[in-house]
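Chains as they are written, first to last, in our numbering: chain A, 1 to 287; chain B, 288 to 858.
Worth flagging that the hints you see were computed from the coordinates, not collected in a lab.
Any given hint could turn out to be false.
[Said to hold, decoys possible] Think about it this way: if two alpha-carbon atoms lie no more than 25 Å apart in a straight line, the pair counts; the simulated DSS-like pairs of lysine-lysine are:
(1) B/K368 / B/K390
(2) B/K479 / A/K285
(3) B/K798 / B/K736
(4) A/K285 / B/K667
(5) B/K478 / B/K289
(6) A/K269 / B/K675
(7) A/K287 / B/K345
(8) B/K806 / B/K781
(9) A/K287 / B/K479
(10) B/K783 / B/K834
(11) A/K275 / B/K736
(12) B/K805 / B/K783
(13) A/K285 / B/K662
Just so we're clear, the structure is a prediction, and the values are computed from it rather than from any experiment.
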Amino acid sequence: MTEINELNTKELTTWCPGCGNHLILAALKKAVSKMNLNPSEVAVVSGIGCSSGLPHWIETYGFHSIHGRAVPVATGVKLANHNLNVFVVSGDGDGYGIGLNHLIHAMRRNLDITFLGHDNQIYGLTLGQTSPTSEQGAKTVSTPNGSIELPINPIALGLASGATFIARAFAGNTEQLADLIVKGTQHEGFALIDILQPCVTLNKVNTFEFFQKRVYDLQSEKHDTSNFSAAFLKSFEWNPRIPTGIFYQTKRDTYTEDLPQLKEKSLVKQQQELKSVDINSLLEKYK
Amino acid sequence: MKDFVNWKIGGEAGYGILSVGIMFGKFCTRNGLNAFYSSEFPSLVRGGHNTVQLMVRKDPVLSQNFEVNLLIALNEETIQKHLNELSSDAGIIFDSKEIKTEKFKIKKSVNLIGIPLTEIAEKHGKKIMRNTVGLGASIALLGLEFDELEKLIKEAFSGGKDALIPINIAAAKEGFNFIKNRNIKFNYQLKKQKNKENIFINANDAFCLGAVKSGLKFVAEYPMTPSSSILSFMAAHELQFDIVVKQTEDEIAAINMIIGAGFAGVRALTATSGGGFSLMVEALGLAGMTETPAVILESQRPGPSTGLPTMTEQGDLLFALNASQGDFPRMIMAPGDAEEAFQAGLNSFNFAERFQLPVIVLLDKYVSEGNKTTKIFESKNFRIERGKILFSAPKNYLRYAFTKDGVSPRVLPGTIGTVFKANGDEHNEKGVSFEEEENRIKMMDKRMKKLDALKKEVPEPKLYGDKNAKISLIAWGSTKGIALEALQELKKHKIKANLLHYSFIFPFKEKTLLQVIKKAKKILLVENNFSGQFGKLIAQETGIKIKDKLLKYTGRQFYPYEIVNVVRRLK
Numbered sequence: 001m002t003e004i005n006e007l008n009t010k011e012l013t014t015w016c017p018g019c020g021n022h023l024i025l026a027a028l029k030k031a032v033s034k035m036n037l038n039p040s041e042v043a044v045v046s047g048i049g050c051s052s053g054l055p056h057w058i059e060t061y062g063f064h065s066i067h068g069r070a071v072p073v074a075t076g077v078k079l080a081n082h083n084l085n086v087f088v089v090s091g092d093g094d095g096y097g098i099g100l101n102h103l104i105h106a107m108r109r110n111l112d113i114t115f116l117g118h119d120n121q122i123y124g125l126t127l128g129q130t131s132p133t134s135e136q137g138a139k140t141v142s143t144p145n146g147s148i149e150l151p152i153n154p155i156a157l158g159l160a161s162g163a164t165f166i167a168r169a170f171a172g173n174t175e176q177l178a179d180l181i182v183k184g185t186q187h188e189g190f191a192l193i194d195i196l197q198p199c200v201t202l203n204k205v206n207t208f209e210f211f212q213k214r215v216y217d218l219q220s221e222k223h224d225t226s227n228f229s230a231a232f233l234k235s236f237e238w239n240p241r242i243p244t245g246i247f248y249q250t251k252r253d254t255y256t257e258d259l260p261q262l263k264e265k266s267l268v269k270q271q272q273e274l275k276s277v278d279i280n281s282l283l284e285k286y287k
Numbered sequence: 288m289k290d291f292v293n294w295k296i297g298g299e300a301g302y303g304i305l306s307v308g309i310m311f312g313k314f315c316t317r318n319g320l321n322a323f324y325s326s327e328f329p330s331l332v333r334g335g336h337n338t339v340q341l342m343v344r345k346d347p348v349l350s351q352n353f354e355v356n357l358l359i360a361l362n363e364e365t366i367q368k369h370l371n372e373l374s375s376d377a378g379i380i381f382d383s384k385e386i387k388t389e390k391f392k393i394k395k396s397v398n399l400i401g402i403p404l405t406e407i408a409e410k411h412g413k414k415i416m417r418n419t420v421g422l423g424a425s426i427a428l429l430g431l432e433f434d435e436l437e438k439l440i441k442e443a444f445s446g447g448k449d450a451l452i453p454i455n456i457a458a459a460k461e462g463f464n465f466i467k468n469r470n471i472k473f474n475y476q477l478k479k480q481k482n483k484e485n486i487f488i489n490a491n492d493a494f495c496l497g498a499v500k501s502g503l504k505f506v507a508e509y510p511m512t513p514s515s516s517i518l519s520f521m522a523a524h525e526l527q528f529d530i531v532v533k534q535t536e537d538e539i540a541a542i543n544m545i546i547g548a549g550f551a552g553v554r555a556l557t558a559t560s561g562g563g564f565s566l567m568v569e570a571l572g573l574a575g576m577t578e579t580p581a582v583i584l585e586s587q588r589p590g591p592s593t594g595l596p597t598m599t600e601q602g603d604l605l606f607a608l609n610a611s612q613g614d615f616p617r618m619i620m621a622p623g624d625a626e627e628a629f630q631a632g633l634n635s636f637n638f639a640e641r642f643q644l645p646v647i648v649l650l651d652k653y654v655s656e657g658n659k660t661t662k663i664f665e666s667k668n669f670r671i672e673r674g675k676i677l678f679s680a681p682k683n684y685l686r687y688a689f690t691k692d693g694v695s696p697r698v699l700p701g702t703i704g705t706v707f708k709a710n711g712d713e714h715n716e717k718g719v720s721f722e723e724e725e726n727r728i729k730m731m732d733k734r735m736k737k738l739d740a741l742k743k744e745v746p747e748p749k750l751y752g753d754k755n756a757k758i759s760l761i762a763w764g765s766t767k768g769i770a771l772e773a774l775q776e777l778k779k780h781k782i783k784a785n786l787l788h789y790s791f792i793f794p795f796k797e798k799t800l801l802q803v804i805k806k807a808k809k810i811l812l813v814e815n816n817f818s819g820q821f822g823k824l825i826a827q828e829t830g831i832k833i834k835d836k837l838l839k840y841t842g843r844q845f846y847p848y849e850i851v852n853v854v855r856r857l858k
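One chain only, chain A, in its complex shape (with noise of 0.2 Å):
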């Protein structure tokens, strides 16, 4: 059994006082022990942002890598040894912004990965600009003047980009959180889990009571998982109610099923026990 203490490491965080980002790693470490994963056979994955100091603060394998990087990292980490439990840890900026593009291919792809979404909808490193799920009229110290663009939704981005595993959560309600990380992993696929995680020291309007006040949980209301339709509806809901839960689970074959080179071993495995390559038969063809 993984207890939860066997995941606390040395290090303390660096992240503000009340700081979402705490009631996350907690949710990521109940997870984690309530699967029973073996913290040497789980790989935390991170890019650059408040959000990606995460794999320091969790006894698991981690690689901090580089801004908006997460996803590709995190993908050839999967590919080489695709029986490791990969998660993504980026914020709105890492991964909705600077690495979106990676996003949308990884959930095509439906690598089996799960993608924590740190969305705070404010840059908290660089000290308060704005970022790329801020609200309209967002006023920040890069758009004074309030924010003229229209916010990415994450949600509705991964119904359209394939994702099969598509949730909602948010920082405060950690057991949902939780309970929401491990559905996700264990999920088969691509799981993205936006989490809405309010920067105490920057957004003064997207505040845990702003949250408090507004949240509901889909599986209360009995809303229908396996209806694409329904979910692309309920991912434009956000005033004066928003919804968090699932909001769409669909199985498709994830990337690594899809490749035959991966059907006996992994391709670590397969390069440890590796000792010589005949290439005799590729000398030939330019003969």
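Since the structure of chain A is already known, use the hints to place chain B on it.
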């Protein structure tokens, strides 16, 4: 009578110029001869002016040659554009019904060989088969037998296009007989030699063969000329060798994927050209910082920006050397031909894993797409060497432990009983972000120290020709064969010169260079770029500035005569 030929075929893209060129090269190779293929074409799928030329002779051919001895003109433009390249006793095979040669000022000594190419092609099938008719005629003219061509046509079209076999053979045969029946005399005659089990291959394919042999397991690439054939080669063989090949959304994804795969413990490759490499730069530093093995093949083409996308240049050397912020160790190789590219494919993964760093292999269009007859590759002595990998976790394992040579033993994710963090931030031995001064110094020193150990294993540049020659050429990468051909030519002029050639660029080896510089009276730096980038590297590493430079940046490679002319003037 001359026992060589420089054969050239020209026409629009879509005329089958490139494929017939490869077929002729294979044909010559199977006849025991040596061939060197070079091509020139614009960035178009259809139209534009395309040429392929092959230098063929009994002895090894190391480069392209300027003077053309047999020209196959599939259109008038070919005659107009290449008239000035013809030797005085050259031949031109052209379509007697479509091309009027009277409008060109062609020397009387040139053989005009009109053949109804289109008529013959259409009689047996389609107009596109003119290339095959021309090839059949060329072979007869050069005095070689038809049988190997028949076999090659069968091989080229078997499996899916079988219907094309008999009609292509018939078309080629009619072209062949057209010459034979008329008993046309030609001054360039090739003789079949004993088959030496040679192969006809370019540097891209040769690198791929080496990489497969070295146990490559993962390829992530975004297509970009002239590296795209790496992606298609690997994809074609992915199931045979259990390699996962991923065409990515962009080059940034490609390099980050191979870093993820390298971290997880498989041998991973990406290939690109300068534009794509520009996009990879940030992640290159990530591989350096996280000490993740990665192999990046960069086949250069002329920049800046899109530049001349289907042409050749050695313009990315300093870029590869300096790409990405900060100091971190990297290795740079620049194979000069297919044989060296095969060796690079074999060894780059061993170096990357043993020293836990990114290895950049620089090719360029000229070698990437320049097939040549070469001895079959030998790799009997090759061993996969993965360096310090631990397959079970020691107690208190530290991924970035300080060691004597700077290389820390690595476990792979999934190894039970431990964990670690790979981290693009400066970090402690565990991999956790750490900004303290003393640690920073130790970590930088640890990473950079790997270069000292690596440098000991990098071979010295090779010195070709007379050790005591008074003139020394210095070259790197793809200019190797051209400079070697130039040395042979200079011998004929009784000029003693040698060549110091670098196929391993960095870490930089200076010992042989300093000896050569001491001995030589004249040094000529030969580079296919504007600013003499390798000369700058030499100056950086040794403080020596080379005054005499032969630089070419037309988007085309040198011909041996260009080097010969400059050396003769140096004297």
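Non-conforming hints, listed in increasing numerical order
Violated: hint 11 alone.
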